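Chain by chain, the residues run as shown.
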Amino acid sequence: MPSDLTFDNVSKRYIVRHEVDDDATKHPWIRKLNALRKRRDEFWALRDVSFAVERGETVGIIGHNGAGKSTILKLLANITAPTTGEIVINGRLSALIEVGSGFHPELTGRENIFLNGAILGMGRREIADKLESIAEFAGVKAFLDVPVKRFSSGMYVRLGFSIASHLDPDILLLDEVLAVGDAAFQEKCLTRIEGLRRAGTTIVFISHDLAAVERICDRVILMRRGEVAATGKPREIISLYQQQIEPSRINTMKTAMEDDRAVIESLAFYTPSGLRPSVFHTADPLVARIDYVANQEIRDAVFEVFVRTGDLTEVCQLTTETSGNPINLPVGRGTLEFHCDEISLQPGMYHANVCVKERLASEAINWQYHAATLRVDPGRITRGQFYQSNRWKLQRQAHTATPPQSGTGEAERQPSTRRPSLTPTP
Amino acid sequence: MALSEADLVAAAVGRDGPRRTKVIRPVAFSIRDLWAGLMGLSAYADLLVVLSAHRLKIRYKQSMLGIAWAVIQPLALMIIYTLVFSVFTRIKTPGVPYPVFAYAALLPWTFFSTSLTNATNGLVSHAQLVTKVYFPREILPISYIVAALVDLLIASIIMGGLMLWYHVSLTPQALWLLPVTLVMAAFTTSCALIFSAMQVRVRDIGMAMPLVLQLWMFASPVVYPLGQVPERYRDYYLLNPMVGIVENFRAALLGNPLDVHSLSISIVMSAVLLPLSYLYFKRVEATVADVI
Numbered sequence: 000m001p002s003d004l005t006f007d008n009v010s011k012r013y014i015v016r017h018e019v020d021d022d023a024t025k026h027p028w029i030r031k032l033n034a035l036r037k038r039r040d041e042f043w044a045l046r047d048v049s050f051a052v053e054r055g056e057t058v059g060i061i062g063h064n065g066a067g068k069s070t071i072l073k074l075l076a077n078i079t080a081p082t083t084g085e086i087v088i089n090g091r092l093s094a095l096i097e098v099g100s101g102f103h104p105e106l107t108g109r110e111n112i113f114l115n116g117a118i119l120g121m122g123r124r125e126i127a128d129k130l131e132s133i134a135e136f137a138g139v140k141a142f143l144d145v146p147v148k149r150f151s152s153g154m155y156v157r158l159g160f161s162i163a164s165h166l167d168p169d170i171l172l173l174d175e176v177l178a179v180g181d182a183a184f185q186e187k188c189l190t191r192i193e194g195l196r197r198a199g200t201t202i203v204f205i206s207h208d209l210a211a212v213e214r215i216c217d218r219v220i221l222m223r224r225g226e227v228a229a230t231g232k233p234r235e236i237i238s239l240y241q242q243q244i245e246p247s248r249i250n251t252m253k254t255a256m257e258d259d260r261a262v263i264e265s266l267a268f269y270t271p272s273g274l275r276p277s278v279f280h281t282a283d284p285l286v287a288r289i290d291y292v293a294n295q296e297i298r299d300a301v302f303e304v305f306v307r308t309g310d311l312t313e314v315c316q317l318t319t320e321t322s323g324n325p326i327n328l329p330v331g332r333g334t335l336e337f338h339c340d341e342i343s344l345q346p347g348m349y350h351a352n353v354c355v356k357e358r359l360a361s362e363a364i365n366w367q368y369h370a371a372t373l374r375v376d377p378g379r380i381t382r383g384q385f386y387q388s389n390r391w392k393l394q395r396q397a398h399t400a401t402p403p404q405s406g407t408g409e410a411e412r413q414p415s416t417r418r419p420s421l422t423p424t425p
Numbered sequence: 000m001a002l003s004e005a006d007l008v009a010a011a012v013g014r015d016g017p018r019r020t021k022v023i024r025p026v027a028f029s030i031r032d033l034w035a036g037l038m039g040l041s042a043y044a045d046l047l048v049v050l051s052a053h054r055l056k057i058r059y060k061q062s063m064l065g066i067a068w069a070v071i072q073p074l075a076l077m078i079i080y081t082l083v084f085s086v087f088t089r090i091k092t093p094g095v096p097y098p099v100f101a102y103a104a105l106l107p108w109t110f111f112s113t114s115l116t117n118a119t120n121g122l123v124s125h126a127q128l129v130t131k132v133y134f135p136r137e138i139l140p141i142s143y144i145v146a147a148l149v150d151l152l153i154a155s156i157i158m159g160g161l162m163l164w165y166h167v168s169l170t171p172q173a174l175w176l177l178p179v180t181l182v183m184a185a186f187t188t189s190c191a192l193i194f195s196a197m198q199v200r201v202r203d204i205g206m207a208m209p210l211v212l213q214l215w216m217f218a219s220p221v222v223y224p225l226g227q228v229p230e231r232y233r234d235y236y237l238l239n240p241m242v243g244i245v246e247n248f249r250a251a252l253l254g255n256p257l258d259v260h261s262l263s264i265s266i267v268m269s270a271v272l273l274p275l276s277y278l279y280f281k282r283v284e285a286t287v288a289d290v291i
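In the order they appear, the protein sequences are chains A and B.
Start counting the first sequence at 0; every next residue gets the next number (numbering that gives the first Met the number 0).
Start counting the second sequence at 0; every next residue gets the next number (numbering that gives the first Met the number 0).
Because the hints were derived from the structure by calculation, they are not lab data.
What you are looking at is a predicted structure, and each value in this text was computed from that prediction instead of being measured.
A few of these clues could be false.
[What the hints assert, rightly or not] So the derived label-pair ranges between C-beta atoms look like this:
{"no.": "1", "chain 1": "A", "residue 1": "ASN64", "chain 2": "B", "residue 2": "VAL149", "range": "42 to 48 Å"}
{"no.": "2", "chain 1": "B", "residue 1": "SER62", "chain 2": "A", "residue 2": "SER151", "range": "55 to 61 Å"}
{"no.": "3", "chain 1": "B", "residue 1": "PRO256", "chain 2": "A", "residue 2": "GLU125", "range": "48 to 54 Å"}
{"no.": "4", "chain 1": "A", "residue 1": "SER277", "chain 2": "B", "residue 2": "LYS56", "range": "25 to 31 Å"}
{"no.": "5", "chain 1": "A", "residue 1": "PRO284", "chain 2": "B", "residue 2": "SER62", "range": "38 to 44 Å"}
[To be verified] Calculated cross-link-like contacts (lysine-lysine; reagent style DSS-like; alpha-carbon spacing at most 30 Å):
{"no.": "6", "chain 1": "B", "residue 1": "LYS21", "chain 2": "A", "residue 2": "LYS140"}
{"no.": "7", "chain 1": "A", "residue 1": "LYS148", "chain 2": "A", "residue 2": "LYS129"}
{"no.": "8", "chain 1": "B", "residue 1": "LYS60", "chain 2": "A", "residue 2": "LYS148"}
{"no.": "9", "chain 1": "A", "residue 1": "LYS232", "chain 2": "B", "residue 2": "LYS21"}
{"no.": "10", "chain 1": "A", "residue 1": "LYS129", "chain 2": "B", "residue 2": "LYS60"}
{"no.": "11", "chain 1": "A", "residue 1": "LYS148", "chain 2": "B", "residue 2": "LYS56"}
Note that CB positions come from ideal geometry on N, CA and C, so glycine has one too.
The task is simple: from the sequences and hints, build the whole structure.
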């Protein structure tokens, strides 16, 4: 089998510019002058990465944020050039990165299909031939002559994916595209990708959605800090990734602030029914269980769980500090459970740190770094930084009696051209 | 059900024809890149057409006067300059009334200045696209030039009206408009490529553009004839490629003899500048997504 894609010792360096410290005591002109001499730092997003993708193969690339996945994609899509090394691409390559970024709100759906198609590399005739099919697939056929600014976000995203998936490339790059749209549309997308795959399209799929990676990929490459960490069967590599604990800078300073009055033995995530699945979904209920041992009696103890992404950004915290009665721990073992009704986290891999401390104390009694990994797959799909649980209610003022309608979670917005039929509640 | 649907897609996708092999390497600065760049550009010819049409559509979609804006700018400038240079002070214009004289030069000048003003921001204003999708980036600035070319055609209608009114007739000389416009488009493209690429790193370029264009206009024979420039400054003055372009555009339109000397300077400078500016642009393009 010939290789469709080859990465040969590819490295990519970014130059990061830092502002020189701003000293307020200096004259503004001196500060301006100082600002001109910015410090330049190098950052290697990829280092000597080599791999090949065979014709017709579907390869997934996974890894924490900052591991180099997106850089690989940008290099493949020719958006940026490598610093060293060589990339060979055999055939027509199309990237499906953040769909819909080329839409212009003032133009109609039809005009945007032509514009976006052309940007993605289709000829005008090719687009004209596929127009019908594109609109059909996106479900926006009735709105082709409506400016896209009147589209709902769902329609927007569906149209974007639909155009890009009609490219019929030899090689297709996919990046997190499945993290959008509703469940039915996602299924449709996966079906389409499956079809392209069966037609012999080579696919490179970069995603946090491990379930989708496992479902469509023949092989998975695990990236770690700009290097290829492992390659192999999806199941093996994904489980390797899930076990992989990112060694962090903070780990080294852990012993300094510990005493042995209490020790956290474990942190684990369960369902309310007591199961311990390897995967949770956005909007699933979740129980975080902490097992601890108290060697001395501790008054007014506080338990905290910190949830972080792979690049150590703190995304949320569970704490007993701000709710409920003060906790007094007698000597002995015990468990503490946080019950969450719905997970707000967007799909991804998260780490949790856990600690126990005394209220108002500056140092914790016991800290456990990366005590547990939390994998969240797409459940209830929303855009944005996190899922906001909600209930909705619609009231119509009509002459004929209509029963009030309500629901929970995301409601598919109708295009605003139709909106006049709904009257806002006072 | 899902399986059969996937099969349908599989059947619909054709898999024949030879494949093109593309090799991506770190940026170099060579003639081979020039050739590769042009080949890539030709593959995206349709995008240039669609994007240029898009520029025109967007511009007129939400404005009341619509397409009339293409005419308003040169017309307003012509009236102002006529007041200043023909009513308040008198500039001698050989043979033709001042409004015709000024408008004939404002046509190419407006093309040049609108192109540059828009194209300079061409890359920066499309940062969203540039960081997401690949296509030859030069299409962004060039599409503004194509759109300005359409504006030039529309604005020419007024020129026809003015010529009728003042009884200035079109001569076979007007055939020269085509090659002169070609030189102008080439020079404008070179400037647009250089400025839009520089604008990515140094945003001052865009800030300085209105001022630069204003000065540049007075350094070109738009509101006064080339003949009024003192002899001893003439050689330096002619180094500005817009001199030959504007002067000869007007000469061709009004049926005056061409000024071959200035035109040849413009041709040579454009011919040298265009490939160089393209190579420079391609070099910046390679990492533009990282810094934009």
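Against the structure, the hints come out as follows:
no., hint, in the structure
1, A:ASN64 to B:VAL149: 42 to 48 Å, "holds, 45 Å"
2, B:SER62 to A:SER151: 55 to 61 Å, "violated, 27 Å"
3, B:PRO256 to A:GLU125: 48 to 54 Å, "holds, 49 Å"
4, A:SER277 to B:LYS56: 25 to 31 Å, "violated, 51 Å"
5, A:PRO284 to B:SER62: 38 to 44 Å, "violated, 54 Å"
6, B:LYS21 to A:LYS140, "violated, 36 Å"
7, A:LYS148 to A:LYS129, "holds, 23 Å"
8, B:LYS60 to A:LYS148, "holds, 14 Å"
9, A:LYS232 to B:LYS21, "holds, 28 Å"
10, A:LYS129 to B:LYS60, "holds, 26 Å"
11, A:LYS148 to B:LYS56, "holds, 16 Å"
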